[in-house]
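With chain F held as given, fit chains V and P onto it using these hints.
Sequences listed follow chains F, V and P, in order.
Our numbering applies: residue 1 is where the first sequence begins, and numbers increase by one.
Our numbering applies: residue 1 is where the second sequence begins, and numbers increase by one.
Our numbering applies: residue 1 is where the third sequence begins, and numbers increase by one.
These aren't lab readings, by the way, just hints derived from the structure by calculation.
Any given hint could be a false lead.
Said to hold, decoys possible - Per the computed footprint, the stretches of chain F lying under chain P, defined by three or more beta-carbons under 8 Å from a beta-carbon of chain P, are:
| # | region |
| --- | --- |
| 1 | 2 to 14 |
| 2 | 103 to 114 |
| 3 | 208 to 217 |
| 4 | 254 to 260 |
| 5 | 263 to 269 |
A quick note: this is a predicted structure, and the numbers were derived from the prediction, not measured.
Note that the Cβ used here is the ideal one computed from N, Cα and C, for glycine as well.
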Amino acid sequence: MLLFTEYVIRGLFLGAMYGLLALPMSLAFVTVGTIDFAVGAYALLAAAIGATVGGTLGALLGLAGALVASLVMAAVFVLLKRAGHHDTIMIALSSFGLAVAIGSIVLASWGSTAFVRQGLDAVWTVAGIRINPQGPINLAVGLALLAGLTALLFGTGLGRMLRASAVNAQGAELAGIPVVAVQALIFAAGGLLGGIAGLLILYSSGLDFTAGLSLTLSGFAASIVFGVSNPARGFLGGLAIGVAEALSAGYGSGAMTALIPQFVVLLTLGLGMLGAGRYTGYRP
Amino acid sequence: MTLRLSGVSARHGRIVVCRNIALEVERGEVLVLLGPNGAGKSSTLGAIAGSVASSGEIFVDGHALQGRAASRRARMGLSLVPEGRRNLFGALSVAENLQIGVRLLASPPRAAALAQLYSSFPILEQRRAQSAAMLSGGEQQQLAIAVAIARRPSVLLLDEPSQGLAPVALDHLVQIIDSLRAQGLAVLLAEQNHAFAARLGDRFVALRAGEIVARGDRSQLADRELAAVAMMGQSTPAIR
Amino acid sequence: MKQLRNHANSAAALLIAVLFALLLRDPVWIDVAVVIGIQALIALSVGLSFGQAGLLSLAQAPFAAIGAYATGIISVHYGGSPLAGLAGAIMLPALLGYLLARLVIRLEPLAVALATLSLAAIVEVVIRSWDSVTGGYVGLSGISPLAWAASPREYFWLVLLVIVIVIALYENLLASRFGRALNTLRHDRARAMADGVPVVAVSSAAFGLSAAFAGVAGWLYAHYVSYVGPGDLGTHLSISVVLMAVIGGASYVLGPVVGAIVLGVLMRMLPAQELQGLFYGGTLILILLVARDGLLGIAEPWFARALRAIVPQPARVAPEDERRT
Numbered sequence: 001m002l003l004f005t006e007y008v009i010r011g012l013f014l015g016a017m018y019g020l021l022a023l024p025m026s027l028a029f030v031t032v033g034t035i036d037f038a039v040g041a042y043a044l045l046a047a048a049i050g051a052t053v054g055g056t057l058g059a060l061l062g063l064a065g066a067l068v069a070s071l072v073m074a075a076v077f078v079l080l081k082r083a084g085h086h087d088t089i090m091i092a093l094s095s096f097g098l099a100v101a102i103g104s105i106v107l108a109s110w111g112s113t114a115f116v117r118q119g120l121d122a123v124w125t126v127a128g129i130r131i132n133p134q135g136p137i138n139l140a141v142g143l144a145l146l147a148g149l150t151a152l153l154f155g156t157g158l159g160r161m162l163r164a165s166a167v168n169a170q171g172a173e174l175a176g177i178p179v180v181a182v183q184a185l186i187f188a189a190g191g192l193l194g195g196i197a198g199l200l201i202l203y204s205s206g207l208d209f210t211a212g213l214s215l216t217l218s219g220f221a222a223s224i225v226f227g228v229s230n231p232a233r234g235f236l237g238g239l240a241i242g243v244a245e246a247l248s249a250g251y252g253s254g255a256m257t258a259l260i261p262q263f264v265v266l267l268t269l270g271l272g273m274l275g276a277g278r279y280t281g282y283r284p
Numbered sequence: 001m002t003l004r005l006s007g008v009s010a011r012h013g014r015i016v017v018c019r020n021i022a023l024e025v026e027r028g029e030v031l032v033l034l035g036p037n038g039a040g041k042s043s044t045l046g047a048i049a050g051s052v053a054s055s056g057e058i059f060v061d062g063h064a065l066q067g068r069a070a071s072r073r074a075r076m077g078l079s080l081v082p083e084g085r086r087n088l089f090g091a092l093s094v095a096e097n098l099q100i101g102v103r104l105l106a107s108p109p110r111a112a113a114l115a116q117l118y119s120s121f122p123i124l125e126q127r128r129a130q131s132a133a134m135l136s137g138g139e140q141q142q143l144a145i146a147v148a149i150a151r152r153p154s155v156l157l158l159d160e161p162s163q164g165l166a167p168v169a170l171d172h173l174v175q176i177i178d179s180l181r182a183q184g185l186a187v188l189l190a191e192q193n194h195a196f197a198a199r200l201g202d203r204f205v206a207l208r209a210g211e212i213v214a215r216g217d218r219s220q221l222a223d224r225e226l227a228a229v230a231m232m233g234q235s236t237p238a239i240r
Numbered sequence: 001m002k003q004l005r006n007h008a009n010s011a012a013a014l015l016i017a018v019l020f021a022l023l024l025r026d027p028v029w030i031d032v033a034v035v036i037g038i039q040a041l042i043a044l045s046v047g048l049s050f051g052q053a054g055l056l057s058l059a060q061a062p063f064a065a066i067g068a069y070a071t072g073i074i075s076v077h078y079g080g081s082p083l084a085g086l087a088g089a090i091m092l093p094a095l096l097g098y099l100l101a102r103l104v105i106r107l108e109p110l111a112v113a114l115a116t117l118s119l120a121a122i123v124e125v126v127i128r129s130w131d132s133v134t135g136g137y138v139g140l141s142g143i144s145p146l147a148w149a150a151s152p153r154e155y156f157w158l159v160l161l162v163i164v165i166v167i168a169l170y171e172n173l174l175a176s177r178f179g180r181a182l183n184t185l186r187h188d189r190a191r192a193m194a195d196g197v198p199v200v201a202v203s204s205a206a207f208g209l210s211a212a213f214a215g216v217a218g219w220l221y222a223h224y225v226s227y228v229g230p231g232d233l234g235t236h237l238s239i240s241v242v243l244m245a246v247i248g249g250a251s252y253v254l255g256p257v258v259g260a261i262v263l264g265v266l267m268r269m270l271p272a273q274e275l276q277g278l279f280y281g282g283t284l285i286l287i288l289l290v291a292r293d294g295l296l297g298i299a300e301p302w303f304a305r306a307l308r309a310i311v312p313q314p315a316r317v318a319p320e321d322e323r324r325t
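The following block holds chain F by itself, in its conformation from the complex (with noise of 0.2 Å):
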């Protein structure tokens, strides 16, 4: 019961961080319609620069670097739909394309070896069982994100342009809010809080260059079990994801527990509960 507490409170740590790259992935799925499959990259952006120059002049280089990662990404969206490009799959395709170029990047500078910084050496005991602190600061700042989100979106004029941009596009045109802007600043979110959370799992478990697309894939899984249709739900699917791998990887195998975020995905696609969210909107 104790090895099962503790495999618990793994996973919610660990799903923390799932639920923070959740979601720009959910903003980016409700109101621009597509998927913005470099979030995964921005992270090891983050994790590598902050890896390299270590402390928290390292943090803030990385969280810089992949704001400029995603802030390129906003730019191909804004170009793509100035030359007519609605087609969401293109948009895709093309961040796609920075998350391959991005991990490449990294590869060429840093090499194969995995990011991976000490934090914190102490460790707690709680109820006979061992806590790196390194583990509650995840959970608390995945949650103080989530809680700063939730505000934006619904307590601010901001929050109010996106969700109208969110449930009817056009109308947010007519009303004078430029809806392109708008959906770029998204993109620009997802530097943010994928830069964050990369910060995050490098001073956890770490992470290498072929991290990007599986960590993308991870946060979109998060994103839809619960469905897509507000970011509270987002974080929630992450600790949940985060606490089957902990799990699984305590009494299953390594190879089962890698493809957990797969699996969710085929299967949540598969019961056909992604969409639903996407043409009614934001619903608090």
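Chains V and P in isolation, oriented as in the chain F frame:
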């Protein structure tokens, strides 16, 4: 001249849906765009608002709109209530819809503008917290107009506002549009409900198959027979 | 004449193939050409699924891997003939592709892209961990070579022959009722439904067929190298075949082949292996921004003019136009 179009053509993809449209609407005037389904009324309004691709000249308050994005035109004094009140955000509350409406105003007058909207549309005050999708047709129409005029445009484009409304709601809508005219708004109203249009229009323009086939004034609009002829597109010397 | 015009793509492919077969003698370049040819086949499968059916697949290389492993397992574990392997290499990916598409195709096209990405990861993990069957990390070696295409040069001819056959099949498919249904479907799903097109069945069949094309490429690969390992037909190949199709023009039958040749030759000139991804990703974005219909899209008006000068009557075929509105 508050709204002026000359030589405007609109197209969906490669298909030209209306061509060579010329019309003018003054302050405090309601111009009715009459025509059967598919005559190109909505496309003309879309071309003005920027949601349909177009060529030709469009001016609002002397500013050229051509080539600007719809959101930019909205900032230049133009406001469209599309068919089926598609300018509403169904999942957002009535209050939020109105807040988006007043967004383009400078921040101090916003609260005053909201208060004024609520006093002109008391039913919206009662429904503040409800989502727009939950309102009745008549209430939605009021909200759609309230959102459209919230930013104090000089030109209001209305696309078939009478559609799906009960008689009582129609009467109320006539009052609303009358008072907007009295406030000095230039209103371009696309309609196929002739009886409704005749209660409001100062002048009319009849469209058929994407082209203007007749124009007339208030008295001719009131003449059912003449207007019916105009709707059918057979221009007679009396109208022309 | 009309017959020829209707089969312009396979005729052109046949011509190019014969030219290549006659001119290419340098063994190094023959080896390069075989690899490019196999990639061109996978790129053709992208053309069918993405260019025609509008379904972006990020699992075409894994489908090829399944084909390669299918024939490899039949050959190594059971001593089966390459022809038995070919049947497996076609049927297994086709079945998997069909079932996957069936599962997710009702949703929007993006869902398919994600589902294929998931499938790719699953295939990779299964290949790496199922030691007793796939050889795990070590891979499968000792796959029997083809007795009737023993020398690299003969093998090159075989690859060319397969490409020409696949193009002819592809072209006939587009001209058929199925192809027209596919075309309507891609542009207007609602209209296709109203026309009575069985949307799910048609898209899934196209996707399954596309997976089968990739499977054939995997079969060619396995018998050429006589070895298949977990890293051979992986994610980066999935990306490069999509890139090939987009560069050449995914909606044109020959687009993916043109893209494969251009990219294949360019790749030999790239200095560092690590920067391959940067080159792929950057080119992909650039092409989408500046020439979404690819090289053939750029060449088409120019080519049509030249054709009209040679052939007096209007040589334009209507569906080509409709396909790109």
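Results of checking the hints against the structure:
no. : hint       : in the structure
1   : 2 to 14    : violated (count 0)
2   : 103 to 114 : holds (count 5)
3   : 208 to 217 : holds (count 3)
4   : 254 to 260 : holds (count 3)
5   : 263 to 269 : holds (count 4)
In this structure, the one hint that does not hold is number 1.
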